[in-house]
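*Asks:* Take a look at the letters that make up each chain.
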Amino acid sequence: MTDRRVGILALQGDFALHQAAFERLGVRVALVKEPEALERLDRLVIPGGEATTMQLLIDKFGFRQPLIDFGNQRPVWGTCAGLILLAGEVVDSLMNPLGLIDIRVERNAYGSQINSFIETGTVSFGKQEQPLEMVFIRAPKILDYSDKVVPLGMLGSNVTVAKQDNILVSTFHPELTDRTTLHEYFLKM
Amino acid sequence: MFKDSDWKLKVGLAEMLKGGVIMDVTTPEHAKIAEDAGAVAVMALERVPADIRKDGGVARMASVEIIAKIRETVSIPVMAKCRIGHFAEAQVLQELEVDYIDESEVLTPADEEFHVDKWEYKVPFVCGCRNLGEALRRISEGAAMIRTKGEAGSGNIVEAVRHIRLVMSRIRSLQGMNPEEIRTEAQEMRAPIEIVEETARLGKLPVPNFAAGGIATPADASLMMQLGAESVFVGSGIFKSSDPPKRAKAIVEATTRFADPRAVLDATRPLGEAMAGLDIKDIPEDKLFQTR
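Chains as they are written, first to last, in the working numbering: chain E, 1 to 189; chain Z, 190 to 481.
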């Protein structure tokens with residue numbers, strides 16, 4: 001499990017919690033602060049944080065094209081703000097996302113922090129459906145998705161985990177829980 | 190109490206703000222400038238600390254209209270300050286649905302004995318500290334984020350440095366202590382033993398630990414991050430400088446790449462004048478915010 005070369009984009013946000021989750025699985029990760037570091041990686045996580053801040057830093061430090069090129073070839077997983085950055089379209093004039101997965105997204109779709117919540121949804125990876133604790137913090141919603149996108153996780157009628165080829169997204173924060181279900185799934189993608 | 194879902198959500202939002210800059214703003218226009226410059230959140234207040242210091246008088250929670258307008262203007266989290274112990278201001282801020290409340294020594298304290306019982310709220314709180322004992326007492330009252338107090342509105346980083354160094358070195362010494370020593374330490378700090386034990390076990394505060402109080406330059410932000418802060422608050426440092434949008438961006442960049450001197454240099458190059466600073470010795474004892 002040691003030679004997977006997993007990176008976490010570490011410009012802003014909760015990258016250290018993703019790092020801890022992978023380390024619990026015995027996987028060492030690299031924190032990515034420069035575009036050049038992407039060349040040494042097999043897969044990348046874009047963590048939670050503030051999407052507007054991360055977008056600004058992505059553009060400022062020359063990450064935009066390298067991230068698009070990376071996502072066209074290798075697995076990338078975005079959680080919360082990371083999902084917003086990977087989306088095809090965001091209902092927000094401030095956002096110019098990377099367009100790596102064919103979803104339309106609304107930011108802060110549940111409202112302000114007092115509307116943040118934790119609930120048990122379901123995920124299924126081809127086999128049986130299983131319950132999963134989902135932590136939503138000022139979370140986005142997937143409003144629409146094309147037929148290229150496969151829903152993998154649900155909370156009620158909302159898609160909370162989705163995949164298109166090598167791109168995985170989740171609207172919630174698995175890194176804030178003890179369960180590493182999605183981290184394990186991502187490592188096998 | 191540190192296991193329930195409300196606590197996880199409160200600390201969770203603070204986790205999302207790590208590696209970022211939270212900027213003091215007094216108007217929706219300033220909030221927009223902050224968001225465009227890459228702030229992870231804005232802090233709404235009536236006057237920036239440098240003006241509170243200059244003008245004197247009682248400093249209260251910001252006007253609710255201004256806070257509401259700031260919420261409409263930006264998409265990033267909106268925080269607001271309430272006076273220490275003023276739980277009715279805190280209740281109003283929760284009704285307004287701000288994302289975080291700062292029970293702040295920068296405003297005029299409303300209660301000289303009690304802090305707000307922060308467990309009663311769904312909105313998370315951040316509180317200031319000068320040392321580890323103060324940090325752990327605030328956490329025991331329910332604060333889900335801690336920041337150094339520094340000396341707000343001074344443009345002088347010396348107090349924030351003192352406070353973060355005191356917190357970090359005390360945590361390191363806790364790590365070497367046996368159970369009896371930890372018990373005595375908890376008594377001396379007047380902090381619950383469970384929180385002291387947890388801090389010793391983690392080797393860090395059980396909640397995110399940010400820096401505030403005197404940050405005026407990109408290098409100030411880098412300094413605080415290198416000393417162990419996980420994000421920075423900038424109060425007067427941005428909107429009291431000669432070119433707020435540029436300075437705001439520069440501090441954001443320096444905070445992200447705080448450990449890379451070349452990046453901090455690049456961020457520092459295009460800047461105008463920093464805010465004017467004060468020697469702490471020139472501030473009369475009774476005008477210090479940090480002792481509140």
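It is worth saying that the hints were derived from the structure and are not from the lab.
Only a predicted model underlies this, so the values are computations on that prediction, with no experimental measurement involved.
Please note that the accuracy of each hint is not assured.
[What the hints assert, rightly or not] 16 Å max Cα-Cα, derived EDC-like pairs, lysine to aspartate or glutamate: (1) Z:K311 x Z:E330; (2) E:K60 x Z:D455; (3) E:K141 x E:D165; (4) E:K60 x Z:D225; (5) Z:K197 x E:D42.
[Unchecked claim] Okay, the calculated beta carbon distance ranges per label pair: (6) E:L94 x Z:L454: 27 to 33 Å; (7) E:R179 x Z:K258: 36 to 42 Å; (8) Z:K258 x E:P151: 46 to 52 Å.
[To be verified] A few chain E positions that, by computed beta-carbon distances, are all more than 10 Å from chain Z: (9) R40; (10) T52; (11) T53; (12) S116; (13) V149; (14) D165.
Glycine included, C-beta positions come from ideal geometry on N, C-alpha and C.
*Asks:* Now tell me if each hint is right for this structure.
*Replies:* So, going through the hints one by one against the coordinates:
no.: 1; hint: Z:K311 x Z:E330; result: holds (14 Å)
no.: 2; hint: E:K60 x Z:D455; result: holds (12 Å)
no.: 3; hint: E:K141 x E:D165; result: violated (20 Å)
no.: 4; hint: E:K60 x Z:D225; result: holds (13 Å)
no.: 5; hint: Z:K197 x E:D42; result: violated (31 Å)
no.: 6; hint: E:L94 x Z:L454: 27 to 33 Å; result: holds (29 Å)
no.: 7; hint: E:R179 x Z:K258: 36 to 42 Å; result: holds (40 Å)
no.: 8; hint: Z:K258 x E:P151: 46 to 52 Å; result: violated (38 Å)
no.: 9; hint: R40; result: holds (18 Å)
no.: 10; hint: T52; result: violated (6 Å)
no.: 11; hint: T53; result: violated (5 Å)
no.: 12; hint: S116; result: violated (5 Å)
no.: 13; hint: V149; result: holds (24 Å)
no.: 14; hint: D165; result: holds (27 Å)
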